[in-house]
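Construct the complete structure from the given sequences, taking the supplied hints into account.
Protein chains: 2
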Amino acid sequence: MTTSTKEANSESILSDIAINAELADYSPVKGCMVIRPHGYAIWESIQKILDKMIKDTGHENAYFPLLVPESFLQKEAEHVEGFAPECAVVTQAGGKELNEKYVIRPTSETIINHMFSKWVGSYRDLPLKLNQWANVMRWEMRTRLFLRTSEFLWQEGHTCHSTHEEAKKEVMQMINVYKDLLENYLAVPVHIGEKTDSEKFAGALDTFTIEALMRDGKALQAGTSHDLGQNFAKAFDTTFTSQENKLDYVWQTSWGVSTRLIGAIIMGHNDEVGLILPPKIAPFQVVIIPILKKNMDNSLVLEKSKELKSQLEQLDIRVKLDDRTQISQGHKFNEYEQKGIPIRLVVGARDLENNQVEIHRRDIQSKEKGVPLENLDNRIKDLLDEIQNSLLNRALEFRNKRTKTVTSIEELDSVLNCEGGFARAMWNGDTELEKILKEKFSASIRCLPLEKELSEDTPCLFSGTISSENKEIMIAKAY
Amino acid sequence: MTTSTKEANSESILSDIAINAELADYSPVKGCMVIRPHGYAIWESIQKILDKMIKDTGHENAYFPLLVPESFLQKEAEHVEGFAPECAVVTQAGGKELNEKYVIRPTSETIINHMFSKWVGSYRDLPLKLNQWANVMRWEMRTRLFLRTSEFLWQEGHTCHSTHEEAKKEVMQMINVYKDLLENYLAVPVHIGEKTDSEKFAGALDTFTIEALMRDGKALQAGTSHDLGQNFAKAFDTTFTSQENKLDYVWQTSWGVSTRLIGAIIMGHNDEVGLILPPKIAPFQVVIIPILKKNMDNSLVLEKSKELKSQLEQLDIRVKLDDRTQISQGHKFNEYEQKGIPIRLVVGARDLENNQVEIHRRDIQSKEKGVPLENLDNRIKDLLDEIQNSLLNRALEFRNKRTKTVTSIEELDSVLNCEGGFARAMWNGDTELEKILKEKFSASIRCLPLEKELSEDTPCLFSGTISSENKEIMIAKAY
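So the protein lines, in turn, are chains W and B. The working numbering numbers the first residue of the first sequence as 1 and each following residue consecutively. The working numbering numbers the first residue of the second sequence as 1 and each following residue consecutively.
One thing to keep in mind: the hints can contain errors.
In this list, chains with the same sequence are indistinguishable; a pair is considered to hold if it fits within one copy or across any two.
Simulated crosslink set (DSS-like; lysine-lysine; CA at most 30 Å straight-line) [as the list claims (entries may be wrong)]:
(1) K293 x K246
(2) K332 x K118
(3) K332 x K401
(4) K179 x K381
(5) K101 x K367
(6) K101 x K30
(7) K48 x K169
(8) K30 x K129
(9) K306 x K129
(10) K471 x K435
(11) K129 x K179
(12) K440 x K471
(13) K129 x K246
(14) K129 x K48
(15) K168 x K75
Honestly, the hints are just simulated from the structure, not real lab data.
This is how it looks when you write it as structure tokens:
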């Protein structure tokens, strides 16, 4: 398969799954999608888990205006350069041309700093640790459902600290919260790493990222956490009086993940049938399908199905009972397989006579007939754990297989253009490599991973030199 | 006090409370506010309760684009007339002038109908019952924190049905859900009623409203539920094939409440100290303040405070322990009183020697010393219920006192311009009355209440006639 067919193929996998699973639909607004109930329920699962993590680490939620005065964006030089070209601009309102234009927030550092400068006066007001759940807009030329849309939903954390050290700790704490979310709930393993200067957030001193590998061999930047230094504080005069009665700028961080995470689930777990949902974030983990016969008394089957549902719910398992009569059983099987529901329980009259049901496991598409009703609830609970672990392990294995060390551009070529995946290498820091990656390979340095695996005597893939100045990097094609 | 001083006074009550309780702050964007953590936490309480009610009545959440093509708004004649003057318009994006302008959604009937027309084909797809939590924007000339801001947060339900009868049932179901939320959680009593033609939603056949009375004697429209008939379905060609194989337009409803509800809490429950929060929606219901002495061993007081916290939490009571040392006790007392926290528990060393604490109740500003620790958790739980009921009863009493039957414009004048409140009256339907109300009294017909109290022989306050055609109405000045 050529690169361009591969590319087209991976695009169609994403859109086929998202549309068939009724996660999303195309909208009449350029680059924007509609998130349908099944997709939104996944987002609600993610929100519930992450919101608790954010609050447990001492942050509070707040809400800031959607519109940002255009002049605010211009106060931080790198920031405006990075974001202005992507902005949607409001020029009229209330039937009049506006004196000052507003941009729809592409991110909220500027407007939030305006408020911070009002609220922060002394070291007693610090640390100030806020988070916002909101929609943002970045006008994209080329969009893909969930992975790159002009409007997306996200959370953005914004914090102020009295020392750089404390801010740096916050940056690392939050990127680790994201890693926890991805690995232990979404079953998507990630590498934490630092971005190169050319890839960091516009206005940040330093950006940390979590990078995941999708089943099509591409990397996905799934979340970022930024050390903003005092850049925005200087632009917005966000100062505080220290305990020693000195005036200083606050040290800041910001960090975010978005509905892109649903794209990570789609492209991280799928097979030829469609989506596979990790149990911990599935809107419902078990679907019960009673076999309903026309012109027959189905009351026993229905009653037993309801009983099973409430038994499972007592173990905090999320269950849907589909007792629709106008939809065929085969249609239902197909619908929930495409939607990625982890377990299907089929309840039929004949099975019930023997106190049995049928279990179908979505992740490996396996069916088990004649499963005893006795202790079924605990068995299902264990099975959900097993599926969750199995999905993570499968993704880990996949990633490990597709991560190779390269010491030359030729070796790199073979990794990027055959199976795809991560190329691990040493790099002397010459930014010329980043240009070549972009132009020749449509690839990039995804990160300088925190967990290093190469020995110091691995030569730079670009210059061939061995030096203690060389940095370990991970290269991949990315979304 | 003259009307204009009263007006100014009620405005300053709202903003003083909102600012001092740190619910919100003014933003640099015209007419938009910042919702601070304490205000946002109240919104989260409301969301949690209402989201469950919405799901329990069979609706699913989804998300539609923020931007609406300008041409969509124009497809429904009344709708565009009502909303176009308030729209914020995006004319540039991605560095270019747009061929088609977008408005920031003032409400989403049009864009959602575009999608509905794609999704609905047959009676099997109905009813379709969706809800969206989102931000919306209506450019307002005169804004007030929470009660009227250019951007606000809300939920908007949108449903499609195969018959008008079913749609009407949905409209009534949801206005009753809102009444339940307001009365049994926010402790704000409301009247359900129908809007007059001139006050109904732009594009609806009929609008039902819940109207509350604030402590300044003004009415507040706190939520609405609309029977859209087939108006939007016709504009967007949202059709379905019936069971009898006939093509028909769907019957639709929409309904919403917003962050205005926080305004209803502020203006519905307050005293000269500030905000009073009903326990059921208070972000935390109890604040524990240990009395910390300088240069002393405070470990026992702190330990007991933590123990109390976890005891209360076991009864699902939301508790905050404020053990900050750099803030004085008096400052803390004042802060939580202004923030409206229902109960304050003060834990001091001397009290502990006698196994006692001090309880302060915010709603009536009463203090009880020497409360035994024994069974304190259950006592607090009961007290929270008592406060919740007491706030509702107080508001009911207040409203009943300020609701008077009027049979002439003179009597109306005295109600509206003395104490304020609702004037209940009969009306012959002449729209001239609505003009007089607006021009002479800055008042309006708030609704035709569902629960009628007047006898049929009450004369029309406008014409003096007695007729079975007369309708019962409630008049008030409103936000």
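To see whether the hints hold, each was checked on the structure:
In this assembly of identical chains, K293 and K246 lie within 30 Å of each other by CA distance solely across copies; the values are 28 Å between and 80 Å within a copy. In this assembly of identical chains, the alpha carbons of K332 and K118 lie at most 30 Å apart only when taken from different copies (22 Å versus 56 Å within one copy). With identical chains, the CA atoms of K332 and K401 are never at most 30 Å apart, being 36 Å at best within one copy and 58 Å at best between copies. Taking the shortest alpha-carbon separations for K179 and K381, only the intra-copy value of 25 Å comes in at or below 30 Å, while the best inter-copy value is 39 Å.
Taking the closest pair of Cα atoms, K101 and K367 never come within 30 Å of each other, the shortest separation being 60 Å inside a single copy and 53 Å across copies. Proximity of K101 to K30 under the C-alpha cut-off of 30 Å is found in both arrangements, the shortest distances being 21 Å within a copy and 11 Å between copies. Proximity of K48 to K169 under the C-alpha cut-off of 30 Å is restricted to the intra-copy arrangement: shortest distance 24 Å within a copy versus 32 Å between copies. Proximity of K30 and K129 under a CA criterion of 30 Å is satisfied inter-copy only: 26 Å between copies versus 35 Å inside one chain copy.
Taking CA atoms no more than 30 Å apart as the test, K306 paired with K129 passes between copies only; the shortest distance there is 23 Å, against 45 Å inside one copy. With identical chains, the CA atoms of K471 and K435 are at most 30 Å apart within one copy only, with a shortest distance of 17 Å there and 76 Å across copies. For the homomeric pair K129 and K179, the shortest alpha-carbon distance inside one copy (20 Å) is at most 30 Å, but the shortest distance between copies (36 Å) is not. Only within a single protomer do K440 and K471 lie at most 30 Å apart by alpha-carbon distance; the minimum there is 22 Å, versus 77 Å between protomers.
In the homo-oligomer, the alpha carbons of K129 and K246 lie at most 30 Å apart inside one protomer (22 Å), although the nearest pairing across protomers, at 58 Å, exceeds that limit. In the homo-oligomer, the alpha carbons of K129 and K48 lie at most 30 Å apart both inside one protomer (19 Å) and across protomers (23 Å), since each shortest distance falls under that limit. In this assembly of identical chains, the alpha carbons of K168 and K75 lie at most 30 Å apart only when taken from the same copy (23 Å versus 53 Å across copies).
When held up to the earlier numbered hints, the structure conflicts with 3 and 5 and fits the remainder.
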